[in-house]
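Taking the hints as your guide, dock the two standalone chains into a single complex.
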Amino acid sequence: MKPGERLALAIVLSLAILVAGSTGAAAYAWRQAGTVRIAVHEARPGGSDFSMRLPGLLVNTAIALCPVPRDEELNARLAEITPVLRAVASRLSTLPDVVFVDIKDGDGTVRVEKSGTELLIRVVSPDEWVEVAVPVESVRRLMHKLEA
Amino acid sequence: MRKLLGSLVIAGIVGSAAAADDRWIHVRVDDSGGDGGRVDIQVPIGLVATLLPVLNGKHGHGGIHVDGKDVDLAEIRGYWNAVRGAKDGEYVTVRDEDSNVRISKSGGFLRVTVDDQGGTSRVRMKVPITLVDAVLVGGDSIDLNAVGGALAKVPTGEILTVDDEDSHVRIWIDDAAAPAREDRP
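Protein sequence lines correspond, in order, to chains D and W. Taking this note's numbering as reference, the numbering of the first sequence is continuous, increasing by one, and the terminal residue is 148. Taking this note's numbering as reference, the numbering of the second sequence is continuous, increasing by one, and the terminal residue is 1185.
Careful: at least some of the hints might be erroneous.
[As the list claims (entries may be wrong)] Beta-carbon label-pair distances, calculated as ranges:
id	chain 1	residue 1	chain 2	residue 2	range
1	W	Val1094	D	Leu74	50 to 56 Å
2	D	Ser125	W	Arg1181	16 to 22 Å
3	D	Glu128	W	Asp1035	16 to 22 Å
4	W	Asp1022	D	Ala29	28 to 34 Å
5	D	Glu73	W	Thr1156	29 to 35 Å
6	W	Ala1086	D	Arg77	31 to 37 Å
7	W	Thr1161	D	Ala27	20 to 26 Å
Honestly, the hints are just simulated from the structure, not real lab data. Keep in mind it's a predicted model, so treat the numbers as computed, not measured. Ideal Cβ positions, reconstructed from N, Cα and C, are used throughout, including at glycine.
Just chain W, same shape as in the assembly (with noise of 0.2 Å):
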């Protein structure tokens, strides 16, 4: 489930915004574990935009992989066409001796919340509707301009954090660049 969730951002970071856009996505990736590394990534919405034609034409095909299976893009299209058509509420409700996982539709995101039974791994993800739309607009690939162009609408904030034993991962849009961490007072 995070491969795809990470995937659908993925795919909204590669194929972001229009070119007026200057607000900047940021990803931060932070290990706990071993040797403690890090990743720190921002870029102006706006300056990824302008690869979208490089870009879809490369790399727009495809498919998702979900726990190292191909999954049709089509399959999914049809869940997420039964969601969105549906009300507002909670869709999908797991409970395991693992992880308790909630897929919900509310004020215009999807909300996805991963709790592992153990309490060390927690998933957070609040994705615009509009963007999961743009990401299952295509055919049989993922169209990186409509991505963009949805990405461009998503509100400053918060799209993804994860909280594992070993690691921090957070994606938002923000107004301007982060400094370096390390060139922080």
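Extracted from the complex, chain D is given alone in its bound form (with noise of 0.2 Å):
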């Protein structure tokens, strides 16, 4: 193999290995931010049928990069707020899988459990089916950009 050639071969593996490692990286941090998602489904004819789905990387980096309202009196609310509600994302963080609220009446129930990295609200009524799932690393992340 001509000196040339190596060279070229040295380049095309190296950005390989680039490209591969960084593909790897943000893979990886794509699955560990997990996905914020919200499903409403209403069940009577002609109702709304809603699904959203956001990479928990994308609402990680906005939460990063926006901005914090500047208004006293909401300031003062969060101030008091934000510190509790943080520590108890941090705690979440390393609780088990379990399930912290479910109640089932007649007409439907209500759960609230932490799945895996995520933080998952479920209501379903005779009308209505209402599905919010919120990593809990985005929450801790929020709270924290909201104490600063």
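As structure tokens, then:
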């Protein structure tokens, strides 16, 4: 193999490793960040059916970049509750998978649970079905941002 | 009486314990009549404890309601001080045509037993004296921080069971979370 070809091969291999490593790291970060899911389904005829999935990585980036509104009253309220909520979010991340609240009656169910890295809230009634899943890490980051 | 006792327990739950406490407090309500509803709540005591600063500021004030009537905390505190300072024993025994009620103090616990004469309703309550102290330690309010500190010292086990013809209520502290009932094999 000529020296020029060796150099080209080395560059190509380096680029391949760089791309593969970056892709792997991005995929890992993507998976670790989880997904924010919101789904609403109305059971009545003509009812709405809404579903949204946002990558947690995108949400975390938005949390990092978006400015916190400068409002004295709002900031005073946030200062009161965000340290507590941040502590709760941090504590949540250390807990095993568990159902915190499970309420069932004749009309429906309400369930709040931690499943994997997500906090999952599910409300089912005869009229509608709502599911909200939020990565615990995103909640923690949001509370940290609001507290700052 | 049940509302009073329930208020004490709920205040204890809300104002739970030190952040390092990994035990879980469980509340389970089964409605055996009508639609057969149920409520299962379980929260790490340490997790609830982190909410104390907010809850204490917003909801730490107020009184206790018994059968829709406001009961003065100072009045209850007076009764409690009298009981707390006395020796272990049975302090209240009420027997009427509807129910038998017994309130006693023994082994560091306040024990309340209510049995309906028809045998359809039954209340068993075993509350550590330190917890009742904490509920009543404040001035004109319930100090949730104090309640939390006391709850951290409550031994693992049953705190309250209520059985009547329509519902079953159980509150207890355990070392681990319980799986959701429908998830169990």
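* To do: Take the C-beta atom of Thr1161/W and the C-beta atom of Ala27/D, compute their distance, and say whether it sits inside 20 to 26 Å.
  => violated (51 Å)
* Asked: At the C-beta level, are Val1094/W and Leu74/D separated by a distance inside 50 to 56 Å?
  -> holds (53 Å)
* Look at the Cβ atoms of Glu128/D and Asp1035/W and judge whether their distance stays inside 16 to 22 Å. => At roughly 19 Å between Cβ atoms, Asp1035/W and Glu128/D fall inside 16 to 22 Å, so the hint holds.
* To do: Kindly confirm whether 31 to 37 Å is satisfied by the beta carbon distance between Ala1086/W and Arg77/D.
  => Once the Cβ atoms are compared, 46 Å apart, the range 31 to 37 Å for Arg77/D and Ala1086/W is violated.
* Range agreement (Cβ of Ala29/D with Cβ of Asp1022/W, hint 28 to 34 Å) -> holds (30 Å)
* Lying within 29 to 35 Å: is that true of the beta-carbon distance Glu73/D to Thr1156/W? -> violated (44 Å)
* Cβ separation of Ser125/D and Arg1181/W, checked against the hinted range 16 to 22 Å -> Given range 16 to 22 Å: holds, Cβ gap about 20 Å.
Hints 5, 6, 7 from the list above are not met by this structure, while the remaining hints are.
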